[in-house]
Each structure stands twice: as C-alpha cells, then as structure tokens.
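Based on the provided sequences and hints, a complete structural model is requested.
Residue numbering for the sequence shown follows the working numbering, beginning at 1 and increasing consecutively.
Each hint can be trusted.
Here are the simulated distance ranges between beta carbons: (1) Arg382 with Asp110: 17 to 25 Å; (2) Ala115 with Ser33: 43 to 51 Å; (3) Lys71 with Glu117: 36 to 44 Å; (4) Ala157 with Met1: 13 to 21 Å; (5) Glu377 with Asp268: 22 to 30 Å; (6) Ala115 with Asp274: 42 to 50 Å; (7) Asp380 with Asp179: 28 to 36 Å; (8) Asp371 with Asp229: 44 to 52 Å; (9) Glu175 with Thr282: 46 to 54 Å; (10) Thr170 with Glu290: 42 to 50 Å; (11) Asp179 with Ser68: 34 to 42 Å; (12) Glu25 with Glu175: 16 to 24 Å; (13) Ser68 with Asp110: 16 to 24 Å.
These are computed hints drawn from the structure, not numbers from a lab. From the three backbone atoms N, C-alpha and C, an ideal C-beta is built for every residue, glycine too.
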Amino acid sequence: MTVVVVGGGIVGMAAAYSLAERGVEVVLCEKGSVGSGSTERSAGGIRTQFSTRVNVRLSQASIAVWESFEKEFGVDIEYRRSGYLFLARDGATADDFESNVAMQREEGVDSELLAPEDAREYCPGLDPEPFRAATYCPTDGFADPHLALQGYSQAAAEAGVEVRTKTPVTAVHREDGDDGRVTGVETPDGTIEAEYVVNAAGPWASRLNELAGVDLPVVPKRRQVAVVDPETPVPESVPLTIDLDTGVYFRPEREGAALVGGHFGGDDPDADPDRFSTTADTDWTIEAVEHAADCAAYFGPETRIKNGWAGLYAVTPDHHPIVEEVAPGYLTAIGFSGHGFQHAPATGRIITDLVVDGETDLVDLDALSADRFERGETHDERNVA
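Encoded structure:
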C-alpha cells in the first residue's frame with residue numbers, strides 16, 4: 001500500500017512516520033522545505049486545558065508522546081512544563097471556566113479553578129483586579145517545534161518515508177464519478193500512484209481540497225507573535241498566561257525575555273498563504289504589549305520590543321480540526337486552529353488507524369468529521385488564543 005502525505009510540517013511528518021511504522025509505503029510531498037509553513041512559526045504550546053472533551057483527549061494522547069519524545073526519538077525538544085494560566089474578565093467566561101475545569105478533571109486533567117488573587121502564586125506579577133476567575137494546570141507547558149519536527153523527520157526517514165521537498169502537488173487523481181476513489185497525485189516530477197492521499201497541508205489545505213474536488217470550511221488566518229524584553233524580567237517559572245477576554249497571551253523565554261501574542265478582534269480577513277507578511281505589524285505589537293501590561297506588571301513602559309513574526313492558523317468555524325476520510329482514499333488532517341503542533345502525535349496515530357484499520361479508538365471522530373457542520377452538532381472550542 002502506498003500513501004501520499006501532502007505537507008511537510010509537524011502534522012504531516014507525524015502522520016508519515018506513524019504510517020511507515022505500521023509498514024505502509026509513504027511518500028511525503030512538500031512544496032517548500034520541511035517545516036517551512038506554520039510549524040516554523042508556532043509558539044510551541046502543549047496543554048490539556050481545552051473546553052471540549054475531544055481536544056482534551058487529543059492532548060492527552062499527544063502528551064504521552066511528548067513526555068517520552070527524547071527517549072523514543074533521540075531529540076531533546078526542550079519540553080518545559082511551567083503550566084498554563086487562563087484568566088477571565090467577564091462573568092460568562094468565568095462561568096465557562098467552572099464547567100471547563102469540571103469536565104477536564106473528569107478526563108483526568110489536574111486543572112484547578114482559582115480566585116484571581118490566588119493565581120499570583122503562579123504568576124507573581126499578575127494584577128488580579130481586572131479578573132473574576134482563573135484556571136491553572138501545572139502539567140501544561142511548551143516545547144520547541146523545530147526540534148520536535150527534527151525528531152519526527154529523522155525517525156520518518158529511518159522508517160522508510162520518502163520525503164520530496166520542493167514538490168508541490170498539482171492535481172489529485174480520482175476515478176470517474178462524484179464518489180470516485182483517489183488513485184494518486186500529480187507533481188512536476190510526474191504521477192505518484194497511491195491508495196490514499198492525506199491532506200496535511202496546513203494553510204494550503206483548501207487548495208489541495210479544490211484539486212480533490214472537496215469543499216470544506218477551512219481558511220487561513222494570520223496570527224502574530226512579538227519577542228520583548230519586559231521592564232521586569234519574566235521568571236521562567238511563570239506559566240503561559242492567557243487573558244481569554246482580550247485575547248492576549250504571554251510566556252517566558254530565556255533570560256527574562258517573553259513572547260507576547262494574540263488576536264484582538266476587528267478585521268480578520270482570510271490570508272493568502274503564498275503572499276502574506278511574516279513579520280509582526282508595529283501597531284499590533286504595541287497593542288499586544290499594552291494588553292499584556294494590563295494583565296501583569298512585567299510589561300511596564302520600559303519594555304523593549306526585540307522582534308516578532310507572523311504565521312497562519314488554518315481555522316474552522318468551531319476551532320476543531322477535520323480529521324477523517326472525507327472521500328474514498330482522501331483523508332484530511334487540517335483546520336487545527338492553532339493547535340496542530342501539540343496535537344500532531346495523536347493525529348498521526350488517527351490517520352494511521354484509518355488507513356490501516358479503517359477506524360480508530362483514540363477519540364470519537366464524530367466531533368472531528370466534516371459533516372458536523374451540516375448536522376449542526378458543533379461544539380466551539382472557546383479556549384483559543
């Protein structure tokens with residue numbers, strides 16, 4: 001059996017590796033270089049504090065891999081577990097926090113609901129006054145996406161995956177008829193025949209879907225991150241902190257620096273993945289630091305902006321991915337809405353299960369199926385930064 005995986009980011013590489021480990025012949029096609037899409041611009045968050053069970057379960061299955069990654073893959077991904085701290089200003093958001101923590105704890109997550117003043121134990125610079133509630137989980141954290149992709153890439157090559165960089169897919173071949181089975185793809189180097197094609201193309205997912213004759217609600221959105229030297233250094237023990245109602249988040253970097261990111265409402269046009277600015281906008285950066293200063297005392301007027309970048313989220317209407325066989329022989333692992341890096345290990349396992357076994361027992365795929373939108377059975381992920 002031959003499978004073509006389209007997309008050389010962390011999701012595509014995890015799927016390719018997992019498939020090859022099950023004895024599948026895999027060809028991975030990447031239009032640029034490995035990791036040159038969203039993976040190289042990821043902030044690297046890994047957390048269990050989601051508002052839906054399916055995302056919590058994707059996290060738990062993935063964290064089992066991240067915890068043992070160095071042992072299994074021989075690469076230290078600098079996995080730092082300083083926790084995540086969510087903050088609520090609005091009463092409705094605070095009410096959601098209570099139900100979220102109850103659900104998370106039912107799923108075995110060690111999260112807790114906190115009064116804002118008590119959250120200062122974990123983030124000493126926090127100003128508790130604007131907030132009504134907080135949630136915290138000590139086992140959440142972040143890792144280096146580049147190192148994780150390096151580990152997967154090396155393991156995939158050793159498992160026999162043929163990685164073709166600078167190889168865009170120009171057509172998806174299917175048998176005649178609306179339900180025609182996929183038979184392979186076309187590239188500038190010729191046809192690759194395959195029993196399955198996996199769309200793991202991230203922000204380019206919709207373009208591949210068009211080639212396959214598939215219409216799914218996934219669009220690329222531009223998101224930005226700034227690197228700053230705060231007026232007061234942020235200790236490395238401070239969790240990744242998210243003010244959910246303003247949309248800003250920050251986390252410590254090395255030597256007192258911090259990453260500051262978020263989306264603050266307003267216009268949010270679809271982005272062109274081939275033509276978008278990869279540097280952070282000055283006006284956005286100033287606004288992001290101002291929002292961070294409204295959360296914590298670290299970001300006073302002497303905060304210095306060092307640099308920043310912009311990348312793309314592939315977003316669905318409910319901020320959950322579409323992971324399923326959407327047409328005979330055509331599988332999608334797309335639309336992660338900013339959570340693709342952390343959920344890549346679980347996604348690779350699911351794709352492999354679907355190809356090899358025809359089903360998976362890892363999570364309930366109804367919540368990740370494309371027809372959930374038609375059924376009106378979506379459950380919006382609210383913990384999105």
